[in-house]
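Position chain W against the provided structure of chain Y, taking the given hints into account.
Chain by chain, the residues run as shown.
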Amino acid sequence: MIRAILRAQWLSMRTFRLASSRRGAVFSLLTAILWYGFWAVLAAVAEELTAAASLRARIVAGLPLGLLGVFAYWQLAPLASATMGASLDLRKLLVYPAPRSALFSVEILLRITTCAEMLLVLMGVSVGLLRNPAFGAWRSAPRVLGAMAAFVAFNLLLSAGMRSLLERLLGRKRIREVVVLILVLASSLPRLLAFTGVPTRYLRQLFPAGRNPFWPWAAAADWLLGTHPGAGAAVLAAWIALAYAFGRWQFARSLRYDLEEAQATVLAAKEPSPTEKLYRLPSLVLPDPLGAIVENELRSLSRTPRFRLVFIMGFTFGLIVWLPLALQGRAAHSAVFENFLVVVSLYALTLLGQVTYWNSFGFDRSAVQVYFSAPVAISRSLAGKNIAAGIFIFLELAMLAALSALLRMGISPAKIAEAFLVTAIAALYLLSLGNLSSVYYPRLMNPQRVSVGGAARRTQGLLLLLYPVALLPVLLAYLARYAFKSQFAFWAIVAVAAALGAAIYAMAMESAVQAARLRRETILAELSRGEGPVVAG
Amino acid sequence: MPDPTPAIAVRDLRKLYGGKAAVDGLNLVVPRGCFFGFLGPNGAGKSTTVRMLTGLIPPSSGSIELLGMRLPEQELEIKKRIGLVPDESLLFDRLTGAEFLEFVGRMYGLARPVARERSRSLLDLFELLENRKLIAEYSKGMRKRVAMAASLIHHPDLFLMDEPFEGVDAVGARLMKDILADQVRRGATIFLTSHVLEVVERLCDRVAILDRGKIIREGPMAELRGGTESLEDVFVRLVGAEREFHELDWLK
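Heads up: the sequence lines are chains Y and W, in that order. Position 237 of the first sequence, counting from 1, maps to 237 under this note's numbering, and the rest follow consecutively. Numbers given in this note's numbering equal positions in the second sequence, counted from 1, plus 537.
Excised from the complex, chain Y in its bound form (with noise of 0.2 Å):
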């Protein structure tokens, strides 16, 4: 049954008579050997630190804090880039005779796909140990390489079981929204407490550098160096078997669960709603095509769960990642505090991207034939996306604003208005990126699912890489600002970066045009394909 849906799912993905798969399988290829070698390379790091007899004492002590962030990595990084992986569509192989604890058994080995990373930094670990003399050298192999498989598994089991609650909760409308805060709070509640200062003891006491013996982390430690190796062991045996139990439980509950139910819409009201007149703003100001077109993504958008999801975090999660940096500099008045709202907007434009101008087709699926089959001239399609996509982003700005006040950052209107030129002068540069990545790398995006796969998460990484490149104009005029100390060079190089910009988008969107034109079959078939019993989000 397993050999029967891994081939199945093979045989979806082999897409090597198109074109554009093949260039979109190299891509994929180039990305995954840059992430992976990222890896790689602090996989041989951790290897060599491991395996130098000297450090017996700091690897006895920190290697517990190291398993605790390759488990708060393995369990969190899904959850903070909203890549769950790739994972079972219960909904096509629900009909078959197919055994509950074979397909528990599939979506544990999909788990893989989510965190290969941490299996390498793992990797290397295990060598290191083995290479390691004060720990028994390679005699000591059964041991490590037990434990190490152990905390594999430990943690393979409860992001099953956490993929399939999240997966659950995220998918329900109404709550989704609320389940997404509180988790943002969550997980970022350890690094505001221990900025308040206040409880630290308490987490002192919850979280000995690591060493409380009972924790998954410092069990598989004991167990790995032979410091307590029958008590790691039974600690750990216990935390597998209650991680089981989670993982059986929730996907037990998955398989019951109506996704479709849960997300159903009856749009009851007659009368437009408030949202529905907001839809109808640009309309005034636009005429038809790029009216309709720009209201059609804005609907389409905001009724799409993976886009609510992703802009919520664009305002929640940028503000709690560099809220604590900037009040730290508060008193030295230091660059994160100065251009705080600038930060978290560039922050948010680039967390947008995803699931705005990267990729501005991937929603439509097959419904851009409509894109192509109306009497419309594609740079009108194009930018009517990019128009909605600005409208969010800027959207998105003037809520961070309003937090920033209700905060009392001390933000002036002059910096907000920087805020909204600096961001849409960055916002040029990035749609003409995405314009070209939109044609050239189409994908298909599933809009009811919450959570894109690992594949994504390693594009998001390295398309980090790339931001510092697309936003160098916007960031000369802050070097300016800042090495000359002067208003006027700061301005002079925003005014050229908006110049350059504009001539930057209308390059790029005339050769996005000239690309959907020869490309419009190979986009057309890469987002008409259907998907195997895999999904990849």
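Hint data in this document are derived by calculation from the structure and do not stem from the laboratory. Just so it is clear, the structure is predicted and the values come from calculations on it, not from any experiment. Check the hints yourself; a few may be wrong.
[As the list claims (entries may be wrong)] Sample of chain W residues at the chain Y side, in silico, Cβ under 10 Å: (1) R588; (2) L593; (3) I594; (4) P595; (5) G599; (6) R618; (7) L627; (8) V641; (9) H691; (10) D694; (11) L785; (12) W787.
[To be verified] Cut-off 30 Å, straight-line C-alpha distance, at most; resulting in silico cross-link-like pairs (DSS-like, lysine-lysine): (13) W:K714 with W:K677; (14) W:K714 with W:K751; (15) W:K617 with Y:K277; (16) Y:K277 with W:K670; (17) W:K714 with W:K670; (18) Y:K485 with Y:K415.
Quick reminder that beta carbons are idealized off the backbone N, C-alpha and C, glycines included.
Chain W in isolation, oriented as in the chain Y frame:
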């Protein structure tokens, strides 16, 4: 005076996929005001032809003229006068039927009030007016009905329809057939593919049968049937699908 140019004129149309011809030298003329059935077994190249006629995919070679205009040179002008019902869904799942129809109307250049008014009357006609769900929650038949309504909203002269009756219940299919027949009466041309041969036989006045990318028979319905055979008999005979039925031992 009626336009003398045909609704569809296709010459030496080819579409290659990896060296294999999905459509292989198609020559076809569909007169205006005709209800044209485009038939063929699965994989014959029908959908590929419709997608080339709509400009969604470019041909490998050959020429296409629709309503006297050349594709792709006069693409936008042609699109304004075509109503399309594709084989795959072209619907925006996160809109309601009314919102989608209004959007399509505006994409075809209708003013918003006109698009909204037509959207309401089409939803009423297709018995979808009371349904205020998102399209994502529509059944297959409802999706087809909305797609058909969208093809009508701009009052086109030529309809290109790929399996428009697939998944539609008997009542809905009857309604759609009546609407299409009415469109032909007002002078519109309908080019449709369908596997439901009884429907084609009842509605169409001309038929072409495609097999392995080539037209193997084309002409008026009455001429094709020769007075005695049903369309199904002709079709099965021409595409060589007449095979003896062998019982499988394990299915007995």
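Hints and how they fare:
1. For R588 of chain W, the shortest C-beta to C-beta distance to chain Y is roughly 8 Å, which falls under 10 Å, so the interface hint holds.
2. Below 10 Å, beta-carbon pairs count as interface contacts, and L593 of chain W has one with chain Y at about 6 Å; its hint therefore holds.
3. Restraint check, I594 of chain W versus chain Y: the minimum CB separation of about 4 Å is within 10 Å; hint holds.
4. About 7 Å separates the beta-carbon of P595 of chain W from the nearest beta-carbon of chain Y, less than 10 Å, and the hint is met.
5. The interface hint given for G599 of chain W is broken, as the beta carbon of that residue sits about 15 Å from the closest beta carbon of chain Y, more than 10 Å.
6. A least Cβ separation of about 9 Å between R618 of chain W and chain Y falls short of the 10 Å threshold, and the interface hint therefore holds.
7. Because the smallest distance between the Cβ of L627 of chain W and any Cβ of chain Y comes to about 4 Å, under 10 Å, the interface hint for this residue holds.
8. Taking 10 Å as the C-beta contact cut-off toward chain Y, the hint placing V641 of chain W at the interface holds, the least distance being around 7 Å.
9. Interface hint at H691 of chain W: satisfied, since its Cβ lies 9 Å from the closest Cβ of chain Y, which is below the 10 Å cut-off.
10. Among the interface hints, the one on D694 of chain W is violated; its C-beta lies about 13 Å from the nearest C-beta in chain Y, farther than the 10 Å criterion.
11. Because the beta carbon of L785 of chain W sits about 22 Å from the nearest beta carbon in chain Y, more than 10 Å, this interface hint is broken.
12. Interface restraint check for W787 of chain W: the shortest CB-CB distance to chain Y comes to about 19 Å, outside 10 Å, so the restraint is violated.
13. Distance hint between K714 of chain W and K677 of chain W is fulfilled; the C-alpha atoms sit about 18 Å from each other, no more than 30 Å.
14. For the hint pairing K714 of chain W with K751 of chain W, the CA-to-CA distance comes to about 28 Å; that is within 30 Å, so the pair holds.
15. Annotation: proposed proximity of K617 of chain W to K277 of chain Y holds, straight-line Cα distance about 29 Å (limit 30 Å).
16. The suggested pairing of K277 of chain Y with K670 of chain W holds, with an alpha-carbon distance near 19 Å, which does not exceed 30 Å.
17. Annotation: proposed proximity of K714 of chain W to K670 of chain W holds, straight-line Cα distance about 25 Å (limit 30 Å).
18. A threshold of 30 Å between alpha carbons decides the hint, and for K485 of chain Y with K415 of chain Y the separation of about 16 Å falls inside it, so the pair holds.
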